[in-house]
Amino acid sequence: MGGMPSRPHAPPPASPLSRLAPPLVWMAVIALLSSHYFGAGETESVFVVVASWLFPGAEAERLGILHGVVRKLGHLVEYSVLAILWMRALAPDRSLRRAAALAVVLTVAYAGLDEARQSLAPNRTPSLLDVGIDAGGAGLAAYAWRPGSGRAESLRGLGRLGGLLLLTASLAAAAGAWRLGLTPWELVGAGLAGGLLYRTGWRPGWRTSRAGLPAR
Numbered sequence: 138m139g140g141m142p143s144r145p146h147a148p149p150p151a152s153p154l155s156r157l158a159p160p161l162v163w164m165a166v167i168a169l170l171s172s173h174y175f176g177a178g179e180t181e182s183v184f185v186v187v188a189s190w191l192f193p194g195a196e197a198e199r200l201g202i203l204h205g206v207v208r209k210l211g212h213l214v215e216y217s218v219l220a221i222l223w224m225r226a227l228a229p230d231r232s233l234r235r236a237a238a239l240a241v242v243l244t245v246a247y248a249g250l251d252e253a254r255q256s257l258a259p260n261r262t263p264s265l266l267d268v269g270i271d272a273g274g275a276g277l278a279a280y281a282w283r284p285g286s287g288r289a290e291s292l293r294g295l296g297r298l299g300g301l302l303l304l305t306a307s308l309a310a311a312a313g314a315w316r317l318g319l320t321p322w323e324l325v326g327a328g329l330a331g332g333l334l335y336r337t338g339w340r341p342g343w344r345t346s347r348a349g350l351p352a353r
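Sequence positions in the sequence shown follow the working numbering and run 138 to 353.
Errors might be hidden in some of the hints.
[Claimed, not checked] Cβ-Cβ distance ranges computed for the label pairs, FRET-style:
{"#": "1", "residue 1": "Ser256", "residue 2": "Val166", "range": "32 to 38 Å"}
{"#": "2", "residue 1": "Thr262", "residue 2": "Ser182", "range": "17 to 23 Å"}
{"#": "3", "residue 1": "Pro159", "residue 2": "Lys209", "range": "21 to 27 Å"}
{"#": "4", "residue 1": "Leu250", "residue 2": "Gly194", "range": "40 to 46 Å"}
{"#": "5", "residue 1": "Thr180", "residue 2": "Arg254", "range": "15 to 21 Å"}
{"#": "6", "residue 1": "Phe192", "residue 2": "Pro159", "range": "32 to 38 Å"}
{"#": "7", "residue 1": "Glu196", "residue 2": "Leu154", "range": "50 to 56 Å"}
{"#": "8", "residue 1": "Ala195", "residue 2": "Asn260", "range": "21 to 27 Å"}
{"#": "9", "residue 1": "Ala165", "residue 2": "Pro259", "range": "17 to 23 Å"}
Hints in this document: simulated from the structure, not taken from any laboratory.
For each residue, glycine too, the CB sits at the ideal point set by N, CA and C.
Input sequences plus hints: build the corresponding full structure.
Here's what the structure looks like:
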């Protein structure tokens with residue numbers, strides 16, 4: 138007489154250490170990127186070479202402005218990733234709303250500490266504007282991301298976040314288009330691409346309770 142078919146066992150929950158490792162490692166990466174090795178003077182020389190190849194004939198002043206814009210958008214990306222990693226670490230033990238709120242608080246607190254630390258570097262200058270941009274990246278991630286509900290929903294969350302970041306980038310470019318030399322059609326294209334990504338992945342993440350389960 139054959140035995141009963143065995144049921145597949147659910148994977149054991151991740152340990153607190155394994156959940157905390159990704160955001161802590163990413164914080165170390167951010168600390169490295171905000172060190173004197175990656176100051177504006179150090180990255181501009183490399184950026185100008187690449188940008189001159191992409192935009193031949195662009196004036197040095199415009200390339201300098203574009204370099205500054207890219208560095209600010211880098212803040213958005215860095216801290217949106219950090220907020221996502223904190224949400225993934227915190228969501229299994231609390232509601233998504235609380236996990237997102239705590240992730241934003243931790244991310245913004247680290248942004249402030251990182252900017253304060255830059256005052257010790259000879260070629261870096263702390264900036265409250267950068268902290269505000271970092272907070273914006275964390276807020277976008279908290280709004281768009283939905284952890285713990287499978288790979289498909291994770292990809293949708295990345296699509297939502299990517300769309301929001303692209304929309305933000307196109308708005309930033311539109312604000313300084315006359316200085317960057319971008320045409321209106323390039324800006325409209327970026328905005329439409331961001332909107333398409335966002336709508337393709339649209340599904341409000343606030344309507345979940347724990348680990349991506351529908352709220353009751």
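For the hint 21 to 27 Å, verify it against the beta carbon of proline 159 and that of lysine 209. holds (25 Å)
Is the gap between the beta carbons of phenylalanine 192 and proline 159 within 32 to 38 Å? Distance hint for phenylalanine 192, proline 159 holds at roughly 36 Å.
Supplied distance hint 32 to 38 Å, evaluated on CB atoms of serine 256 and valine 166: violated (20 Å)
Between alanine 195 and asparagine 260, does the C-beta distance stay in 21 to 27 Å? Holds, at about 25 Å.
Would you say the C-beta atoms of threonine 262 and serine 182 sit inside 17 to 23 Å of each other? holds (19 Å)
Falls inside 50 to 56 Å, the C-beta gap from glutamate 196 to leucine 154? Cβ of glutamate 196 to Cβ of leucine 154: about 51 Å, so the range 50 to 56 Å holds.
Is the gap between the beta carbons of threonine 180 and arginine 254 within 15 to 21 Å? Cβ of threonine 180 to Cβ of arginine 254: about 18 Å, so the range 15 to 21 Å holds.
CB-CB spacing for glycine 194 and leucine 250 relative to the 40 to 46 Å hint: holds (42 Å)
17 to 23 Å was suggested as the range; check whether the CB atoms of alanine 165 and proline 259 agree with it. Holds: the Cβ-Cβ distance is about 21 Å, inside 17 to 23 Å.
Of the numbered hints given earlier, the model fails hint 1 alone.
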